[in-house]
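Letter by letter, the chains look like this.
Protein chains: 2
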Amino acid sequence: MLMINIIQIGMGPLGIKMAQYISSRNGFETVAAVDLNPQLVGKPLQALSDELGTSVQIEANIENALASATSRPQVALLTTVSDMVRITPQIEAIVAAGIPVVSTCEELSFPWQEDAALAERLDKAAKQAGVGIVGTGVNPGFLMDALPSFLTSVCQNVETVKVQRFQDATSRRVPFQKKIGAGLTLDQFADKVADGSLRHVGLSQSVQFIADKLGWKLDKTEDIISPVIAEEAIEIPSMNIAKGQAAGVHQLGKGWVNGKVKILLEFQAAIGEAVSYDEVVVSGTPNVSSRIEGGVNGDIATCAITINTIRPILQAQPGLHTMGTIPSSSFWEA
Amino acid sequence: MLMINIIQIGMGPLGIKMAQYISSRNGFETVAAVDLNPQLVGKPLQALSDELGTSVQIEANIENALASATSRPQVALLTTVSDMVRITPQIEAIVAAGIPVVSTCEELSFPWQEDAALAERLDKAAKQAGVGIVGTGVNPGFLMDALPSFLTSVCQNVETVKVQRFQDATSRRVPFQKKIGAGLTLDQFADKVADGSLRHVGLSQSVQFIADKLGWKLDKTEDIISPVIAEEAIEIPSMNIAKGQAAGVHQLGKGWVNGKVKILLEFQAAIGEAVSYDEVVVSGTPNVSSRIEGGVNGDIATCAITINTIRPILQAQPGLHTMGTIPSSSFWEA
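Listed in order, the protein sequences are those of chains H and Y. Counting the first sequence from 1 gives a position; our numbering is that position plus 11. Counting the second sequence from 1 gives a position; our numbering is that position plus 11.
Incorrect hints may appear among the rest.
Identical copies look the same in the list; a pair holds intra-copy or inter-copy alike.
The list that follows gives simulated cross-link-like pairs (lysine-lysine, DSBU-like), each with its CA atoms no further than 35 Å apart [said to hold, decoys possible]: (1) Lys-28 with Lys-173; (2) Lys-271 with Lys-54; (3) Lys-203 with Lys-138; (4) Lys-138 with Lys-189; (5) Lys-28 with Lys-228; (6) Lys-271 with Lys-28; (7) Lys-254 with Lys-228; (8) Lys-228 with Lys-265; (9) Lys-173 with Lys-54; (10) Lys-228 with Lys-271.
Read the hints as simulated data drawn from the structure, not as lab findings.
Taking the hints into account, I'd like the entire structure generated from these sequences.
So, in structure tokens, the structure goes:
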């Protein structure tokens with residue numbers, strides 16, 4: 012059986028889940044792990060989760076992890092930070108070891124607009140090392156960029172691309188409910204928006220991804236955040252939300268081309284949202300609308316698409332990629 | 012403005028439409044054209060359609076077309092035949108001239124199962140010439156293979172992939188209505204199925220595409236054709252269909268893995284079909300269902316996706332590809 016060996020870098024909640032998912036899949040194996048946390052270094056993966064084994068020990072850096080790995084890793088899964096400034100040196104260290112990278116870093120999903128110099132640095136390093144780098148995830152990475160772009164394949168002309176991701180957060184994890192501002196007063200909500208701690212990261216990247224893929228030059232992008240306000244008091248096990256407080260977040264990403272909004276991405280996640288769905292509406296020749304009823308479960312999908320992007324990055328040309336420049340991802344098992 | 016130069020090979024109805032579509036798009040230009048028909052050779056494209064110009068003359072072969080082209084073509088659009096046996100030498104001649112190929116040949120969309128030796132020959136020729144080759148189209152090429160495979164990207168596990176393409180043919184072109192057997196007696200329908208002239212070509216290829224992409228080994232594939240029987244008499248401008256005659260075709264593609272049907276593709280096109288839609292249902296973790304209400308207009312989409320696959324094949328590694336191994340296609344304009 013074909014087996015792809017993985018080095019997992021970043022053993023936070025997402026990294027642990029990634030290792031759990033990999034252990035339950037055919038064709039992939041975690042052979043090395045890295046985390047900076049001194050309390051984790053030297054421990055086997057099993058210390059983080061009963062589902063994981065004792066053969067892989069967490070190391071403080073890539074060099075040590077490669078030295079102690081039972082087999083050479085063919086690819087790195089990087090689940091550490093969301094921004095280009097901090098992820099760039101981490102990727103450079105991995106690439107210097109000749110290992111391709113799939114990362115959940117949101118800003119990496121389309122870095123050329125806002126971090127052109129860092130993107131250029133990574134592209135050069137990847138080409139020198141002969142490996143690929145890509146940022147992915149369910150959003151950014153798929154639902155609001157790669158999937159809508161792919162759906163335009165059947166169009167002779169495209170006027171606008173609109174995507175809606177609406178999610179009922181009632182039964183989601185409590186950290187997610189807090190992340191979307193549920194239960195905050197409107198002042199608290201505004202404060203968190205102002206300090207940058209309350210927002211879905213990646214909407215601008217998704218707008219830029221689509222524009223780039225379709226050959227559209229953006230005049231400007233907008234990213235507008237507002238609260239979803241509870242019209243009545245809401246009581247759920249994890250919290251009580253008073254009428255008039257925030258039940259969640261609404262976020263609009265706009266891409267302007269020649270003075271018109273040609274790309275419109277709408278993200279809404281709130282407690283008590285009536286319907287969950289992911290919808291793409293391409294206005295063009297022909298019109299194409301595609302709807303995923305119930306929406307895509309982000310908790311599962313983020314890990315899944317990261318693992319499902321391993322084979323495509325191994326098949327890609329060397330360089331810094333997006334989900335739009337590598338062979339298309341899919342579930343795969345050996 | 013970036014401009015991609017195209018040689019159009021095959022000036023039948025599909026080739027003419029392709030040239031018309033290209034002439035109305037930014038970023039692409041037809042600079043050479045080939046057809047074997049002696050009545051077309053030596054004529055300008057304008058002789059085929061008022062929308063086309065006089066600068067490109069139809070030539071009998073690639074050598075002459077390249078010699079007379081105003082600019083060197085960067086890619087060939089090949090719209091001639093549906094089968095691997097006849098398309099292979101045509102592609103070899105194009106590739107020998109150092110030109111990558113996008114073709115609407117149905118069997119080329121996934122040739123490895125049924126035409127392994129020819130696929131191998133093309134792959135070798137493409138690698139020697141340093142160019143890519145791909146077969147595409149709306150179906151096979153997108154709706155029943157590339158799109159459902161891509162949708163599994165968000166899945167940690169996949170049990171089954173089911174796709175339905177249901178089309179009301181009432182307002183489609185008459186040749187399409189005849190192609191699906193509308194108006195035939197059931198005996199006539201059975202005869203046409205038996206002689207191979209009545210079938211949607213490519214269902215097996217789509218089954219094989221998905222299986223390959225997901226890493227599934229197929230025990231066997233099935234391709235089952237039956238008539239959609241008119242329950243009442245139907246009168247439309249192009250024909251009268253008596254009760255009990257065929258109103259269209261129903262076709263099932265099945266992919267068996269370890270004794271179970273894991274891939275089920277259902278194609279139905281008939282006069283008077285109640286609803287047109289394209290639906291993908293992935294059963295797995297999570298389940299993902301995506302529905303295109305109204306369906307995708309095949310007449311427009313076939314030309315569009317062929318043109319929209321030009322950039323990806325130019326970016327791909329040399330070799331024989333599928334829509335699953337090149338960078339993802341999308342509408343694009345310069």
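Open item on the list: Taking the earlier hints as the rules, which of them does this structure contradict?
Closed with: 2, 3, 4, 7 and 9
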